[in-house]
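Peer 1: Sequence:
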Amino acid sequence: MKVLVIGGAGYIGSNMVRKLIETGHKPAVFDNLSTGHRPFVPKSVLFIKGDLKKYEDILAALKKFKPEAVMHFAASALVGESVQKPV
Numbered sequence: 014m015k016v017l018v019i020g021g022a023g024y025i026g027s028n029m030v031r032k033l034i035e036t037g038h039k040p041a042v043f044d045n046l047s048t049g050h051r052p053f054v055p056k057s058v059l060f061i062k063g064d065l066k067k068y069e070d071i072l073a074a075l076k077k078f079k080p081e082a083v084m085h086f087a088a089s090a091l092v093g094e095s096v097q098k099p100v
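14 is the number of the first residue of the sequence shown in the numbering used here; add one for each residue after it.
Any given hint could be a false lead.
Pairs of lysine to aspartate or glutamate, EDC-like flavour, derived with a Cα cap of 16 Å [unchecked claim]:
| id | residue 1 | residue 2 |
| --- | --- | --- |
| 1 | Lys39 | Glu69 |
| 2 | Lys15 | Glu81 |
| 3 | Lys56 | Glu35 |
| 4 | Lys15 | Glu35 |
| 5 | Lys79 | Glu69 |
Ranges of calculated distance between the beta carbons of each label pair, as one might list FRET restraints [what the hints assert, rightly or not]:
| id | residue 1 | residue 2 | range |
| --- | --- | --- | --- |
| 6 | Lys76 | His50 | 21 to 29 Å |
| 7 | Val96 | Glu69 | 28 to 36 Å |
| 8 | His38 | Lys76 | 17 to 25 Å |
| 9 | Gly37 | Tyr68 | 27 to 35 Å |
| 10 | Tyr24 | Tyr68 | 36 to 44 Å |
| 11 | Ile34 | Val96 | 33 to 41 Å |
| 12 | Leu75 | Pro52 | 32 to 40 Å |
Calculated from the structure, these hints are not laboratory results.
Being a predicted model, the structure only gives us computed values, none of them experimental.
Think of the CB as a built atom: it goes at the ideal place given N, C-alpha and C, for glycine as much as any other residue.
The task is simple: from the sequences and hints, build the whole structure.
Peer 2: Next comes the structure, spelled out in structure tokens:
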């Protein structure tokens, strides 16, 4: 199955990408790298840099990869940032 992993360059998302590969699926990663890391994504996996806040970025990723499923792991979960910018 083709699976688009949103936030796939972060800790949890990148581990899911590896598990998807291990179980025979074909993942692609969509991430803006604000807290994720490009080296966390295996070289064999399609990486799409985009911003989840931009509709056109999401649409372009969906059109390019044509996933059968989407897994969402993107978040702004840094404690310091959430205290400084609660909105």
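Peer 1: Now tell me, hint by hint, if it's right for this structure.
Peer 2: Each hint tested on the structure:
{"no.": "1", "hint": "Lys39 x Glu69", "in the structure": "violated, 23 Å"}
{"no.": "2", "hint": "Lys15 x Glu81", "in the structure": "holds, 5 Å"}
{"no.": "3", "hint": "Lys56 x Glu35", "in the structure": "holds, 15 Å"}
{"no.": "4", "hint": "Lys15 x Glu35", "in the structure": "holds, 13 Å"}
{"no.": "5", "hint": "Lys79 x Glu69", "in the structure": "holds, 15 Å"}
{"no.": "6", "hint": "Lys76 x His50: 21 to 29 Å", "in the structure": "holds, 26 Å"}
{"no.": "7", "hint": "Val96 x Glu69: 28 to 36 Å", "in the structure": "holds, 31 Å"}
{"no.": "8", "hint": "His38 x Lys76: 17 to 25 Å", "in the structure": "holds, 20 Å"}
{"no.": "9", "hint": "Gly37 x Tyr68: 27 to 35 Å", "in the structure": "holds, 32 Å"}
{"no.": "10", "hint": "Tyr24 x Tyr68: 36 to 44 Å", "in the structure": "violated, 26 Å"}
{"no.": "11", "hint": "Ile34 x Val96: 33 to 41 Å", "in the structure": "holds, 36 Å"}
{"no.": "12", "hint": "Leu75 x Pro52: 32 to 40 Å", "in the structure": "violated, 25 Å"}
Violation of the numbered hints given earlier is confined to hints 1, 10, 12; the remaining hints are satisfied by the structure.
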